[in-house]
Amino acid sequence: AQSVSQHNHHVILSEAASLELGCNYSYGGTVNLFWYVQYPGQHLQLLLKYFSGDPLVKGIKGFEAEFIKSKFSFNLRKPSVQWSDTAEYFCAVNAYNNAGNMLTFGGGTRLMVKP
Amino acid sequence: DTAVSQTPKYLVTQMGNDKSIKCEQNLGHDTMYWYKQDSKKFLKIMFSYNNKELIINETVPNRFSPKSPDKAHLNLHINSLELGDSAVYFCASRSGTGGPDTQYFGPGTRLTVL
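Protein chains in written order, with the working numbering: chain A, 1 to 115; chain B, 116 to 229.
Do not take every clue at face value.
Derived SDA-like pairs (lysine to any residue); straight-line CA-CA distance at most 20 Å [as the list claims (entries may be wrong)]:
id : chain 1 : residue 1 : chain 2 : residue 2
1  : B       : Lys186    : B       : Ser120
2  : B       : Lys156    : A       : Ser5
3  : A       : Lys58     : B       : Lys156
Short derived list, chain A residues pointing at chain B, Cβ under 8 Å [as the list claims (entries may be wrong)]:
id : residue
4  : Pro40
5  : His43
6  : Gly108
7  : Met112
Derived by calculation from the structure, the hints in this document are not laboratory data.
Ideal placement from N, C-alpha and C gives every residue a C-beta, glycine not left out.
Input sequences plus hints: build the corresponding full structure.
Shown next, in the form of structure tokens:
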């Protein structure tokens with residue numbers, strides 16, 4: 001079965017600091033990878049996704065993530081965070097062609113950006 | 116023009132009651148899901164339906180019964196509610212045409228069992 005680990009549970013940064021959130025997954029086959037963001041009191045929104053091709057993917061709001069297959073990682077980055085990036089971030093994996101294409105989520109990382 | 120909608124947004128009820136949460140998507144997707152997000156924000160799949168047929172049924176008590184009257188709707192009925200059922204329940208959908216695709220989430224229903 002696939003699993004996803006997000007090692008940083010809470011991250012506190014000042015505005016303009018750089019961000020990197022770790023995500024590792026365990027699954028031996030082909031995977032699709034996602035980062036979702038959940039702003040306070042809101043639903044999950046897709047930040048970016050990786051299906052195939054260039055392992056460096058760019059998403060909305062200046063976020064990017066790099067898929068490193070050898071490390072089973074899909075870390076999220078942003079060069080300069082803003083106060084409005086305060087949210088919960090979830091990494092998710094969809095094992096390609098599994099029966100129901102369900103997403104397995106990591107435990108989430110709560111990011112707080114101080115103004 | 117909300118893509119995935121859920122009702123109600125908030126639901127407060129007593130232990131032992133039966134309640135339903137409704138989900139509708141207007142994206143023309145074939146596959147719909149229910150996820151549960153607990154108090155620690157951990158998200159876990161509960162059910163998946165494809166064209167009104169149950170595809171995934173994770174380890175969920177049989178007090179939870181999904182119902183899909185058509186492929187645009189997936190409702191969740193919960194019998195004999197327990198304190199531990201308190202959580203945020205998210206509905207999601209994807210096109211289900213096979214291959215990689217993105218799931219789109221609804222706004223969530225915050226269920227509080229007293």
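Verification of the supplied hints:
1. Taking the CA atoms of Lys186(B) and Ser120(B), the gap is about 14 Å. The hint holds against a cut of 20 Å.
2. At most 20 Å may separate the alpha-carbon atoms for a hinted pair to count; Lys156(B) and Ser5(A) meet this at roughly 14 Å.
3. Of the pairs offered as hints, the one joining Lys58(A) and Lys156(B) is violated, with about 25 Å between alpha carbons and a cut-off of 20 Å exceeded.
4. Annotation: Pro40(A) was flagged as interfacial toward chain B, and the flag is violated, the nearest CB pair being 11 Å apart, outside 8 Å.
5. Annotation: interface hint on His43(A) holds; nearest CB of chain B at approximately 4 Å, less than 8 Å.
6. Checking Gly108(A) against chain B by beta carbon gives a least distance of about 5 Å; that is within 8 Å, so the hint holds.
7. Given hint, Met112(A) at the interface with chain B, is violated; its Cβ is 14 Å from that chain's nearest Cβ, farther than 8 Å.
When held up to the earlier numbered hints, the structure conflicts with 3, 4, 7 and fits the remainder.
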